[in-house]
Each structure stands twice: as C-alpha cells, then as structure tokens.
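Sequences and hints are given; from them, build the entire structure.
In the order they appear, the protein sequences are chains W and G.
To convert a position in the first sequence, counted from 1, into the working numbering, add 9.
To convert a position in the second sequence, counted from 1, into the working numbering, add 9.
These are computed hints drawn from the structure, not numbers from a lab.
Label pairs and their computed distance ranges (CB to CB):
#1 W:Leu220 / G:Ile134: 48 to 54 Å
#2 W:Ala29 / G:Thr339: 57 to 63 Å
#3 W:Asn266 / G:Asn117: 54 to 60 Å
#4 G:Asp267 / W:Asp337: 34 to 40 Å
#5 W:Pro272 / G:Ser68: 19 to 25 Å
#6 W:Lys161 / G:Gly42: 41 to 47 Å
Quick look at which bits of chain W chain G covers, simulated, 3 or more residues with Cβ under 8 Å:
#7 61-72
#8 245-259
Some chain W residues well away from chain G (every beta-carbon gap over 10 Å; in silico):
#9 Glu86
#10 Ala92
#11 Val113
#12 Ala114
#13 Asn117
#14 Val131
#15 Thr189
#16 Ala197
#17 Asp201
#18 Gly207
#19 Ala227
#20 Leu298
#21 Trp317
Backbone N, C-alpha and C define an ideal beta-carbon position, used for all residues, glycine too.
Residue-level listing of the chains:
Number of protein chains: 2
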Amino acid sequence: MITSTEIRLKSRPVGVPTAANFDVATVDVPAPGAGEVLVRNRYMSVDPYMRGRMYDRPSYVPPFQIGEALQGHAVGEIVESHAEGFAPGDLVSSMFGWREAFTVAPANLAAMPDLFGKLPHVPGINPSAFIGVLGMPGLTAYVGLLEIGQPKAGDTVFVSGGAGAVGSVVAQIAKIKGCTVVASAGSAEKCDWLRSVGVDHAINYKDGNLLAQVQAAAPKGIDVYFDNVGGEHLEVAIEVARQGARLAECGMISQYNDTAPAPGPRNIIMVVGKSLKIQGFIVSNFGHLRAQFVADMAGWIAEGRIRWEETVMDGIAQAPAAFAGLFDGTNTGKMVVKL
Amino acid sequence: MITSTEIRLKSRPVGVPTAANFDVATVDVPAPGAGEVLVRNRYMSVDPYMRGRMYDRPSYVPPFQIGEALQGHAVGEIVESHAEGFAPGDLVSSMFGWREAFTVAPANLAAMPDLFGKLPHVPGINPSAFIGVLGMPGLTAYVGLLEIGQPKAGDTVFVSGGAGAVGSVVAQIAKIKGCTVVASAGSAEKCDWLRSVGVDHAINYKDGNLLAQVQAAAPKGIDVYFDNVGGEHLEVAIEVARQGARLAECGMISQYNDTAPAPGPRNIIMVVGKSLKIQGFIVSNFGHLRAQFVADMAGWIAEGRIRWEETVMDGIAQAPAAFAGLFDGTNTGKMVVKL
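Following this line, the structure appears as structure tokens:
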C-alpha cells in the first residue's frame with residue numbers, strides 16, 4: 010500500500026496565511042483499478058490565486074473546504090497504469106497538488122481537459138517547467154499579454170510583479186514582440202535579473218515613488234499594462250496610460266490578504282478620457298490556445314529567448330511556507346515545491 | 010452688420026460652475042467672403058463633458074481658454090452663402106455653439122468632419138434633434154452600447170443617468186435589441202418617463218441603497234453597464250456584474266465638479282475573477298459609424314420605437330444656467346438652449 014502525505018485547510022486565514030491555517034495528514038492511496046492510474050507527484054505549484062479559494066465565497070472556482078486536502082496544479086509521474094494510452098514514466102499535469110500521490114481515471118485528471126492530462130515531450134525541459142513557464146503561469150502570461158493586452162511592435166508594456174512566475178514570462182514575450190518593457194519587482198536582485206533577460210527598465214517599487222519611477226522609465230506613457238499586483242500599481246498604470254491603452258488584469262496580489270476593502274484607483278475617471286480598456290481574464294477560459302502556446306513557448310525556449318528562475322522548496326511539509334512566501338516576495342520566478 | 014452674443018469663460022470653475030464663471034459679450038460677425046457661409050445658430054447644446062474642458066489640463070480635447078468664447082455642438086441655419094453646395098435655409102451642425110451667429114468656410118465647420126457639416130433631411134424632425142437623439146448624444150449612446158457594451162438579446166443592461174440625453178437613448182436601443190433594461194435616474198418623474206418608454210426597472214437613486222435596488226431589479230446580475238455617472242453607480246455595477254460583463258464608460262458626471270480625487274471602486278478586484286471589461290470611449294473616435302447610426306436611428310424614430318424629451322431654455326444668456334443645470338438634474342432628456 011502506498012501512502013500520501015497531504016496538506017489540508019485547517020482554518021480560513023484572516024490576513025496573511027500562516028502555518029496554523031494548515032494541517033498535514035497521511036492517507037492510504039487506493040491501488041488503481043481498471044481504467045485508472047497511480048500518480049506520484051514530482052512538483053506541485055503554489056499560486057497567488059489560491060488565496061482567493063481560501064475565502065468562503067462564490068467565485069469562478071469553488072472555495073476550498075475546511076478539513077479537505079487543498080487542490081492545485083501539479084506534475085506527476087505515472088507509477089502504475091491500468092488505463093489505455095498511459096504508461097509508467099509518463100508525466101501528467103493535474104489539479105491534484107498539495108499531496109504526494111493519488112489514484113485517478115485519466116479522464117478525471119481535472120475539470121479543464123484543455124489544460125491538463127498527459128504532457129508533451131519537450132527536450133531538455135525539467136518537469137517542473139510544466140507548472141511554470143510551460144504550464145498555467147506561462148499560458149496566463151501568453152493569453153493575458155497577447156489576447157487582452159494586444160501589444161504592437163514599438164509599444165511600451167508595463168508589467169508589475171515582473172520577476173514572478175507570470176510577470177517574468179510577460180516581460181520576455183513583450184520583448185519578443187518588439188516592445189519596450191518596463192517591469193517592477195521588489196528587490197534590487199530581482200531587478201538585476203530582469204535586466205539580464207532584456208527588460209529595458211526594471212523598477213524596484215520598494216525604492217518609493219512608483220509613479221515618478223514609471224514616468225522616468227516611460228516618459229511618453231504606456232500602451233499596455235499587465236497587472237499582477239493591483240493597488241498603487243494599477244493607479245500608476247492608469248495615470249501613465251496613453252490614449253487607447255489596454256490594461257490586462259491578471260491578479261492583484263497586493264490585496265489578497267486584505268481584511269477590509271482597499272480603496273480603488275482614485276483616477277478611474279481617466280478611463281473615459283483616455284479610452285482605456287481594463288479587462289480581467291481567467292486562464293481557464295483560454296484552454297483552446299494551449300497547443301499554440303506550447304508550440305510557441307517551446308520554440309522560444311529552444312532559441313534561448315525565454316529564460317526563467319525557480320524558487321524550489323523541498324518536501325510536502327514545506328508547501329504552506331512556500332505559499333505564504335508568495336506574499337512577502339520570497340520567490341524569484343516560479344515558486345515550486347519538489348515532492 | 011450682424012452681431013452675435015456669445016458666452017465666454019471668465020474664470021475656471023472650482024466645484025460646481027456658477028454664473029460668475031462666465032461672461033456675456035456681443036461681437037460683430039464678419040460678412041461671408043468667397044467660399045464662406047454665414048450661419049445663425051438655432052439650438053446649442055450643453056453637455057457634461059464640457060466641464061472637463063474648463064479645467065486647464067491636457068485631455069482628448071484642448072481646454073477652453075479664459076476670455077474666449079466657449080465651443081460646443083450647435084445646429085444653425087445658413088442665412089447667406091458664397092460656398093458651393095450650401096444654400097440659405099440649409100441646416101448645418103458645428104462645434105460653434107455658445108454664440109448666436111458666425112461666419113465660416115464650410116470645410117472648417119469642425120475638426121471632426123464625420124460628425125459635422127450639412128445635416129441630412131429627416132421628415133418631421135425638429136432641428137434640435139440634431140444636437141440630441143440624432144446628434145452626438147445619440148451617436149454616443151449607439152456606439153457605446155453596441156460597440157463597447159455588445160449586448161446580446163436576453164442580456165440585462167444597466168444604464169445610469171437613464172433619463173439624460175445619452176442614457177435615455179441607451180435604454181431604448183437596448184430594448185430594441187431584446188435586452189432587459191434597468192435604468193437609474195434622480196426623480197420619480199424621470200422614472201415614470203423611463204417606464205413609459207419601455208424600461209423594465211426604473212430606479213430612483215435618491216431613494217437610497219442603490220445596490221439593494223439594482224439587486225432587486227436584476228437578481229441574476231447584469232451583462233452590460235453603460236456608465237454616465239461613475240462613483241457609487243460604478244461600484245454597484247461591478248458588484249452585480251455577471252461573468253464576462255462589459256462596462257461601457259461614457260462619463261462620470263458625479264465626479265466632474267470634484268475638487269479632490271474621489272475614491273475609486275473598492276471592489277475593482279472583481280474585474281479579475283469575473284473577467285470584466287471596463288472600457289472608456291470617446292464618440293469622436295467613432296465618426297465612421299455616423300451614417301449607419303443616422304440610418305438606424307431615423308428608422309427607429311419613424312417606427313415610433315425611440316422617443317425623447319428635451320428641456321429647452323430660451324436665449325443665449327441662459328446657456329450658463331442650462332449648463333449648470335446638468336449637474337443638479339434639472340433636465341429630463343436633452344438640455345438645449347434655443348437661440
């Protein structure tokens with residue numbers, strides 16, 4: 010009998026999540042029956058959007074339930090298969106993260122078949138990339154920038170959270186598309202990394218006066234803003250937006266732990282006079298672009314045009330700390346937990 | 010020699026405009042030379058957006074200058090013509106409002122040739138309609154609702170300022186397109202009028218708790234919001250918006266006289282989870298749709314499917330009061346000044 014250690018939600022966080030909000034439990038994993046596979050996870054993802062699922066409220070995905078194992082993106086390896094088309098050693102992507110192993114019928118790997126299932130073979134790529142640059146964060150960057158932001162060559166693109174799993178891909182795709190890129194991050198080291206991958210202007214928002222820094226970097230304003238942060242960053246983006254700019258709203262991590270509503274952008278009225286488009290999106294609505302994304306991204310990686318960092322924490326017991334680390338800037342690039 | 014009384018900006022308003030911000034002056038109108046026409050205005054428009062031009066700041070149109078005649082939409086009649094294709098009695102639309110008469114070469118009637126110039130003949134229509142339902146406010150409603158809001162039959166459309174020049178047209182086009190319409194206005198009389206033109210749910214926002222009123226009117230939420238008001242109305246619209254809703258940002262009259270930035274919508278984070286699109290627009294970017302608009306609108310009027318109210322003030326000297334009246338709800342439908 011195989012056992013699996015899993016992380017459960019013990020209590021709903023108020024403010025920043027802490028270890029006390031999580032339980033660790035070990036369960037038996039059922040042997041796979043006919044048509045089922047046994048999967049051992051090799052990497053699991055922690056993503057900012059998971060914070061939203063810890064509130065008990067209606068949203069585009071149902072809330073996590075107290076006492077149950079959490080869910081999230083993971084890459085695992087099949088260790089036993091009784092399902093046609095799946096063999097031991099195959100890598101699969103699923104939403105069964107936050108646990109070491111599980112048994113499933115492949116059709117049930119996730120509710121979003123476009124995004125999950127057996128993974129393509131990309132030479133020289135560590136499997137963790139499939140929860141990062143080649144996975145949901147990469148696809149999020151790709152569809153948010155290209156479908157919502159619609160950058161043209163010569164445009165100026167501003168991305169917040171530029172050193173994160175999504176932002177770092179946004180910044181580099183924008184460069185591939187011929188844009189000038191302004192990216193913000195929370196440390197000098199992250200800014201150095203951004204410059205090393207070709208970002209034109211890297212801004213450490215902790216240096217203060219974000220508006221002045223962005224104005225200095227983009228004196229003629231910005232055409233596209235890719236928002237991972239919200240709050241002051243969004244207000245600054247509206248302020249420096251040029252006529253007809255597109256603001257792709259991917260996330261607002263600065264507000265996920267708020268216990269009271271934060272003030273909205275005081276300059277929202279500029280949306281009218283500048284003909285701005287502020288548009289939110291959820292990657293699961295763009296699963297039809299996954300194949301095109303994987304083809305483009307694998308090509309860019311092979312050409313050395315996309316680079317990425319991972320911050321790796323080791324062992325399932327580290328998952329709560331990895332998740333909490335998203336909110337204090339622990340990670341450069343994709344935060345992953347190695348199982 | 011013909012004289013013209015005109016209204017000039019005397020000082021930039023702080024807060025709500027008053028008579029003290031305006032000067033009245035009478036000037037001689039030059040006789041038309043070769044290629045020119047002499048126009049006597051019959052109706053001039055006052056529109057909320059003019060408040061923005063009274064601030065000294067960069068925008069999509071230049072600010073009004075102290076000591077100079079104001080500008081704005083007007084319908085006039087040619088009284089003398091030395092220009093080919095223009096004859097006495099022809100009606101022309103121009104941006105030379107806030108004055109009784111002027112001389113011009115027709116090519117210079119305005120900087121936006123798609124929107125201005127010789128007016129089409131629409132049977133049974135008073136010329137004032139060309140600064141209202143058949144003019145810029147009507148086109149604003151048409152492009153904002155149809156191009157930005159993209160309503161489908163069966164959608165629920167919420168429009169603020171529903172009894173105004175733009176909102177009243179939005180509400181009726183939405184009904185023509187098969188939508189359920191919720192409209193807000195500031196008096197019981199305006200709400201009665203809205204119901205009389207087929208609006209499903211008319212809300213008097215002065216009755217309090219706007220959110221509860223809109224939720225009661227649209228328990229399943231809204232698919233399109235057409236914003237003329239901003240502030241609390243926008244926050245409520247975001248709150249009740251359904252997945253993928255479109256928010257057409259036409260104006261935010263509640264904020265035009267603010268002397269300090271108003272707080273933005275505290276629920277702006279919902280843009281992400283609901284995949285909302287909040288998009289501002291300026292009618293002058295949609296001049297290419299004017300011919301299609303006039304054809305559609307003239308047809309709907311002939312079929313009795315579009316009705317409108319005008320609030321008429323008499324004489325150029327009333328123009329400042331008519332303008333100020335926009336901000337305290339004096340008008341039902343289009344506010345016009347008869348000259």
